[in-house]
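Asks: Sequence:
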Amino acid sequence: MANAIELTNVSKVYRRYSRKRQFATLKSALLSRSLVRDLNPEDTFPAVQDVTFNLPTGRTLGVIGRNGSGKSTLLKLVAGITKPTTGSVKVNGRISALIELGAGFHPEISGRENVFINGIMLGLTKREITRRFDEIVEFAELKDFIDAPVKTYSSGMYMRLGFAVAIHVDPDVLLVDEVLAVGDEGFTHKCLDKFGEFKRRGKTILLVTHSLGLVERFCDEALWMDGGKKKGTGDPVRVVGAYITNVEKSEEATLAAADARAHGSAAAMSPDDPASAALPDHPIETANAPTDMFRATEGRWGSREIEITEVQLLGPDGTAGHVFHSGEPMTVRLQLRAPVAMEDFVLGVGIFNAEGLCCYGTNTSIEELKAVRIIGDAEAKFDIARLDLVEGTYKLDVAVHKQDGYPFDYHRLLYTFRVKSRTKDVGIYRPEHSWSFSESMKFSRTSSPGDLDDSH
1 MANAIELTNV SKVYRRYSRK RQFATLKSAL LSRSLVRDLN PEDTFPAVQD
51 VTFNLPTGRT LGVIGRNGSG KSTLLKLVAG ITKPTTGSVK VNGRISALIE
101 LGAGFHPEIS GRENVFINGI MLGLTKREIT RRFDEIVEFA ELKDFIDAPV
151 KTYSSGMYMR LGFAVAIHVD PDVLLVDEVL AVGDEGFTHK CLDKFGEFKR
201 RGKTILLVTH SLGLVERFCD EALWMDGGKK KGTGDPVRVV GAYITNVEKS
251 EEATLAAADA RAHGSAAAMS PDDPASAALP DHPIETANAP TDMFRATEGR
301 WGSREIEITE VQLLGPDGTA GHVFHSGEPM TVRLQLRAPV AMEDFVLGVG
351 IFNAEGLCCY GTNTSIEELK AVRIIGDAEA KFDIARLDLV EGTYKLDVAV
401 HKQDGYPFDY HRLLYTFRVK SRTKDVGIYR PEHSWSFSES MKFSRTSSPG
451 DLDDSH
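According to the working numbering, the sequence shown is numbered sequentially starting from 1.
Hints are supplied without guarantee of correctness; some may be wrong.
[Claimed, not checked] Straight-line C-alpha distance at most 25 Å; calculated PhoX-like pairs for lysine-lysine:
| hint | residue 1 | residue 2 |
| --- | --- | --- |
| 1 | Lys402 | Lys370 |
| 2 | Lys76 | Lys194 |
| 3 | Lys249 | Lys420 |
| 4 | Lys190 | Lys143 |
| 5 | Lys420 | Lys231 |
| 6 | Lys90 | Lys76 |
| 7 | Lys249 | Lys231 |
| 8 | Lys90 | Lys199 |
| 9 | Lys229 | Lys76 |
| 10 | Lys249 | Lys229 |
Derived by calculation from the structure, the hints in this document are not laboratory data.
Put together the whole structure using the sequences plus the hints.
Replies: Put into structure tokens, the structure is as follows:
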């Protein structure tokens, strides 16, 4: 099978602009022979580094990666919008690039005139544009506005018209860069249906997107870009899975560092003498909790007669971490120390979302567990069988206090964890659930919201 796109050792290096070493004129820049070669390494930025891949005709490739990973630069190289610094790019067939929609539109003239001008720029003849004109206008949903000057269009109208023109060029190779937000939900589905039609007709599609579900369901192959380099390529499910794991590791490191800073700040708020441990907002008070615990600020306080020496969040495999998956088990492990024997104590745990809303809270007293004795080093585990929270960032409170509320050691919002989910539902809590329908109502299994089901 012939290749529609071939990239061989392609790199794209940009210059970092600063006040020093700027060329005074275009002539001086040209006389220097190279805008890149003579620069120091720290003066350049490699947006794409030594990327090689072939995309056979009729295949769909999804390009994924973090912001700044080189995805859009790669697409612009394939589109011919920019040239590679080194390496070669070869594309067989007519290209239509859904990248900078509406580029070339003139604001002073009508949408009708812009359709013809833009269509010709994309390689259509005037006769071809005339034949497709009504279909373009209908697709863009601009029948009542097509003769108005483009400068009177909203941004959504402008982008829809640019998308409609580009998609009706009938290209051999379609390049798409995160343009599915050009309209409302109905228009987005119309765009996805058009992509599905292109795929069924054997067109070659190169898709840059953050929608991982779309890549898994719609693409034949996936390319993972990271730091301008090709990190992985191949089966979409495998590549997306590796990418998600990498992102979670990065989030884990970020959250761990943030927690370490929070713990350091909390420790600095409290003197070494347990008896003088203070509220973060009221340093002259000792061992007194805020009146309204749900409005307390981040920090640590208490007499430390019983001290929480370590807090860990454990995943299903017993490994401590900060990133968990919705529906999986999680354990909060508390390490405590009581220098002298104590008989009046309560352990508590609270989960808050990023906005400070309490998702759940309980303690041993609420659950009718009466303390008997603690002395020396001790451990307690709070096991959550199913972490039924929607995707998001959460904060954890842990505390040990007397039955009457007198705080021994209260850790307020000092532990952050993130819940990941492939289901993008909303709220806080995800109850176990199912749907059922009468015989007069039919549904077919499709993709998750935002994904494409090209079988319908």
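Asks: Run the structure past the numbered hints and jot down the numbers of the failing ones, going up.
Replies: none
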